[in-house]
Every structure is written in C-alpha cells, then in structure tokens.
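Trainee: All chains should be built: construct the whole structure from the sequences, respecting the hints.
Chains A and B, in that order, are what the protein sequence lines are. If you count the first sequence from 1, position 282 lands on 282 in UniProt numbering, and the numbers rise without skipping. If you count the second sequence from 1, position 219 lands on 219 in UniProt numbering, and the numbers rise without skipping.
It is worth saying that the hints were derived from the structure and are not from the lab. We treat Cβ as the ideally placed atom computed from N, Cα and C, and that holds for glycine. A hint or two may mislead.
Stated by the list, open to error - So the derived label-pair ranges between C-beta atoms look like this: (1) A/SER118 with B/GLY201: 32 to 38 Å; (2) B/ALA222 with A/ASP114: 24 to 30 Å; (3) B/MET215 with A/ASP114: 40 to 46 Å; (4) B/VAL349 with A/ALA274: 55 to 61 Å; (5) A/ASP114 with B/ALA323: 21 to 27 Å; (6) B/ALA323 with A/GLY215: 37 to 43 Å; (7) B/ASP206 with A/VAL273: 39 to 45 Å; (8) B/THR197 with A/ALA277: 32 to 38 Å; (9) A/LYS242 with B/LEU230: 57 to 63 Å; (10) A/ALA158 with B/LEU230: 53 to 59 Å; (11) A/ALA274 with B/ARG214: 44 to 50 Å; (12) A/GLY215 with B/THR193: 14 to 20 Å; (13) B/ALA42 with A/GLY215: 51 to 57 Å.
Said to hold, decoys possible - Covered by chain A, according to a simulated footprint, are these stretches of chain B (three or more residues, beta-carbon under 8 Å): (14) 151-162; (15) 287-300.
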Amino acid sequence: MTVLFGQLFTGISIGAVLLLIALGLALTFGQMNVINMAHGEFIMAGAYTTYVLQQSITGAGLSLVVALPVAFVVAGTMGALLEVLLIRRLYARPLDTLLVTWGVSLMLQQLARDIFGSPNVQTRAPELLTGNVALPGGLTVANNRLFILVLALAAVAALTLALRLTPLGRRIRAVVQNRDLAAVSGIATSRVDRTTFFVGSGLAGLAGVALTLLGPIGPTMGTNLIIDAFLVVVVGGIGQLKGSVIVAFALGVLQATGEYLTTLSVAKVIVFVAIVAFLQWRPQGLFTLRTRSLA
Amino acid sequence: MTAVTPARPSTAVQPAPVGALPPGRPAGGSRLWTAAGFAFGAALLFAVAPLVLSDFRLALLAKYLCVAMVAVGIGIAWGRGGMLTLGQGVFFGLGGYAMAMHLKLADAGPGGMPDFMQLYGQLDELPLWWRPFASPWFALPATVLLPMAVAFGLGSLVFRRRVRGAYFAILSQALAAAMVILLIGQQGTTGGTNGLTDIEGFFGYDLDDPVNQRMVYFIIAATLLALLALTRQLIHSRYGELLVAVRDGEERVRFLGYDPASVKLVAYVVAAGMAGLAGALFVPAVGIISPALIGIVPSIEFVIGVAVGGRATLLGPVLGAVAVAWARTALSERFPGTWTYLQGLLFVVVVAFLPGGLASLWALARRPEAGAPPPRRGWSPLGGRRAERTEVPAP
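Mentor: So this is what it looks like as structure tokens:
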C-alpha cells in the first residue's frame, strides 16, 4: 500500500513537472500551431533567473517568491521578442518554425554557457520545502514535489480562468478559432499573437523556477524535457488545456509505474509505444475541436 | 493540426504554389548534363580528392559523405514527401550498431566476447540477441533491413491514421530520445554512453592501415554515387511525382484513388534504409558508434544540412550536408563557442528567409523568372494549411 502510494505520488509529481512545461506549449503549439523548440531554453532562462536572484537576495524563501514573477516576465519577454522577430513570418509554415526555433535554442544555450559557464549550478531550496509531509498511514510526500504540484495546478486554474473570463482570453480564443473572422471583427490579431506568446513563454519561466527545486541548472536542461512536454500536447489534443492536464498526469504515472516494474530506460520505451498505440485510437489526441477541414 | 481551423474552408483546394519547390522533371535535354555532372562528381570523389587530400582529411571526407547519405534520404522524405523526420539518427544508429556488433564479434574471434561486456555487464556469455550478428550474412543485410523494418512499423502505424506534419516530426524525435535512453540504460550489452568503440578490423582488413582506410573511403564514395543515381531514378519516376503530389495536396491524391499512406511509407522506409547504410559505413570510417552520434541533436543536425543545401533538390542535401559538416570541423576546432552561434544563425536565416535552401539561389541566378519566389506570407513548401495569414483566396 505504501509502495503503491509512493509510486502513484512519484507519477503525479512527474506529471506535475510535465504539466507545468506543457502548459506553455499548449498555448503556443496547441493554440497557435507554432512548434517552439526554444521553449526549453525559456525554462532554462527561468531557472537561471532564480539563480541570479539568489546572488542578491539571501533568503532562499524570499528569492523563490520573487523569482516566480520575475522569471515569468523574463521568459515571457524573450518569447515575445522571438515572436516579433521571427515567428511572425512563419505562421503559415509550422514545420519551419520548429527548425528556426531550434536554431534560436542553440544560440541561447551557447549564450547561457558564455554567461554562466558550462558546469551546472545549484540554487538553495527554502527550508520550508526541503522536508517531507507526513500523511496518516505512514505515508510521506516531499515538500518540494508538493509545491510543484500546487504551482502546476494554480497555473492551470489561472490560465483557464484567464482564457474564459478576461477580454484578452476571449480575444485569444477568437483568433485561435478563426483568425480571419477575428481580424474583421476588429481584433488586432498580431497583438494577440504576441501576448499569447508572452504568456506561453512566461509559463516556461515558471517551470524553470520549479525545476531549480529538483536538480541542478545547466545550459542543456531544456532539451530533454521539451520532447516529453510536446508529446503531452500531441496526445492531449490541440486547443484544449484539459487534454494536456489529463495526459501529463497519465504519462507521469505510466512512466513511474514502468520505472518501478522495469528500468528507467525501458519505461521510456513503454511510454513511447503507449503513445503510438494511443494515436491509433485517437489520431487527433484525447480532445479535439470538431472540424470540417480536409487538410 | 487541422483542428484549430474549424470554420475555415479546406485549404487543400487552393492551387499549389508554382515553382516553389521543383516538383517535376528537369528541363528537356538535361539528361546529358546530368550524366556529365555525375561523371564530374565521380572524378572529383575518386581521382581528385584522394590525390589532393591527406589521409587525415580523406578520412574526414569519408565521414562527411556518410552524413550526406543520410541527407539524401531526408531529401526524399522531407523535401519530396513533406515528412519532416527528426529521428534519422535512429536509423543511422541501427545500421551503425548492427555493423559495429559484427565487427566487434569478428575482432573478438570465434567464441570471444566484446571487451566491454565483462567490464560493465559482468556477463559470462554472449547475450542471445548479439549472436546472429556474428555472421556477416545476417549482420550486413541487417544494417539496411533493420532500420527499414522499424521505419515500416512506425510509418505504417502513423501514416494510416493520418498523423502528420508536426505530430509526425515530434513522434520521430521522441523515437530518437527513447532509443538513446534505451542504449544508455542497457550498458552491459550496448556499451552505454561509450557505445561500441575500438573497432580494429573490417572483414579481415586492419583499419589502422591507411591503405585500408582509403579502401573504406572508396566504398563510401561509390555507395553515395549509387544512392544518388537511385534517387534520381526514383524522383523522376511516376512514384516520384505521386510523392510530390502527396506533399502538396494529400487529400487531392486520395480523391484520385491513390493511398497517400503507402506513398509516404515507401519514401520514409527508403530514407531509413539510406540512413542505415550510412551508419554501417560510418563505423569502419570512424571506428566508433555511440548514443551521442545518433540522439536528438545529431538527428536535427542531419536536417540542417538538408535545409541549407535545398531540401527538394537532388544534390542540395548532399552538398549542404558536406558543407555544414566541413564548416563544423573547420570552425569548431578554432572557435568552439562561435560555431554554435553560427550554426544557429545559419539555421534561422536559411529556413526563415531562404526556404528553398542555397539551391534556390542557384536556380534564381540561372533562371530568374523560374527560380524560387521569395517566401511570401502564406506560402508553404509543405502543403497543408497555407492560407493561415493570407487574404482569403478567391474561390
């Protein structure tokens, strides 16, 4: 029972990290159909932001609290710049956005190497987040994992509410559903694109702050995470946040279970096979918008 | 990919952009030119390069030519077929590992085991799945057939269910990630991060001998030329035209009674076979195969050369791959950091502003009116949703 719960919580916490990374992608890839390979480097930017803030703010707890909004703005600004400079020209060529942003991600990785050096750096975790919470029945969960879970869920809630209730959210949804109609209705679509990108990339920054609690920070930290996150969005279905939420936790639990029963490397293969099998059943992902498009 | 455009009329009925990527046959009378060009290339590879280059440089060139073979395959799958495959490293690796396993076993002698197995795996006897590779009659065909089988498996699953575009690219990339993690995880039988190293012999020839290295180079150059000739036949065949048609308007091809999934599958499997062959020949040329050579980063780097050279042309991928690989060696040994910036910048500039690759510059200079048009908004070399930002087209 304890083992089972432990595995389940490990899975959920893997899922929470995936979800936090995939949320931004669900906006930029899922809603705007832009494959941003530099998303991983925006995560890295968020993580290094935390590191830099800790140089000047000595209290680890305070620096984490400050880092969350700052990292959001730093990564978001980088994303908005990328949109303005490059992606704007490429909306009709989704596959080419992948290649272009890959080039950008190479340059950002090298930039990080030049600024912070190649070796990984560490941040201090706030004392509050280093221990475990004891649950009834002899179960324990790690504080930092719990914090990430709460952060991921809060981000989902905030994003959902913002998309549903605010004027900006309405505009984003309008542009996603029908760009031409939105444009003739007086929505400045290019400004909406930029804002969407700002928010999506900002969420990557938040993910970066969260990841500093789990491990070291390095120039290549984004590369490995991003593929899993892309898979979450693909399997979840585009244009739908709930798909990403469900799939992130499902893949997390599958990964943790597979890891428990076999090894880490075999678990990765199991997850991949499961995804391909799932796409046989639902090629468009878990949730899709109905469409009459033939393309 | 389609689901975000609910209320938009089908984009598949728009006319394909003419001259964007060369779809059909070359202008008449070019057959002679092609033969002349082929002969010139052969002379360059077989006579000039061995005379001019030192043994060290020739070995490097052999390595670049292996990368070029992968690029030819990507040119078919991506440039002609519109399938951006980010996982060619997997097929390169399957070919490479199959060859390296055989050569390791041959080095160890009959009944022997590769050195690393006792070291990492504490194994007393050869694992079952290694055993067939002792026979060259199994290992050599396997270098090509194994990658083709994997490509067939994945391709027939995803293409039939119409998983395409970005979805396919991401899946192919995930395959590369999974394979690398698997190889590293099974250190006892795969050599882990180190891969299979210290390969000394090549079917009885000592690879340390420069004469034998030269022989390997000639084999590689001949294989590349053969693949190019094969590819030219393929893209100028009826099938080649069908493949381009699927790229530019998959649904229209379906309405004409063809099965786009099979058409794409053939191109993907052929590309995988070429990558496998390249991996197999890379092993004697370089003497090592490891996860670092086949993971996500190298897989995308294969694509870079193709994009730079010109994805939809016959020679573009080859020249682009060789040029990028050469530039990497030349620049990264002198300015390690700068190369990464340059590589990223090259990628950004070429893909964003010159989607036809450098080959489109050549076409533009030769026939300005027929060359690749500048990428206007809404132009898509890959078919599909090209009306994203343009004015609504007239019906």
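Trainee: Which of the stated hints cannot be reconciled with the structure, identified by number in ascending sequence?
Mentor: Hints 2, 4 and 9 contradicted; others consistent.
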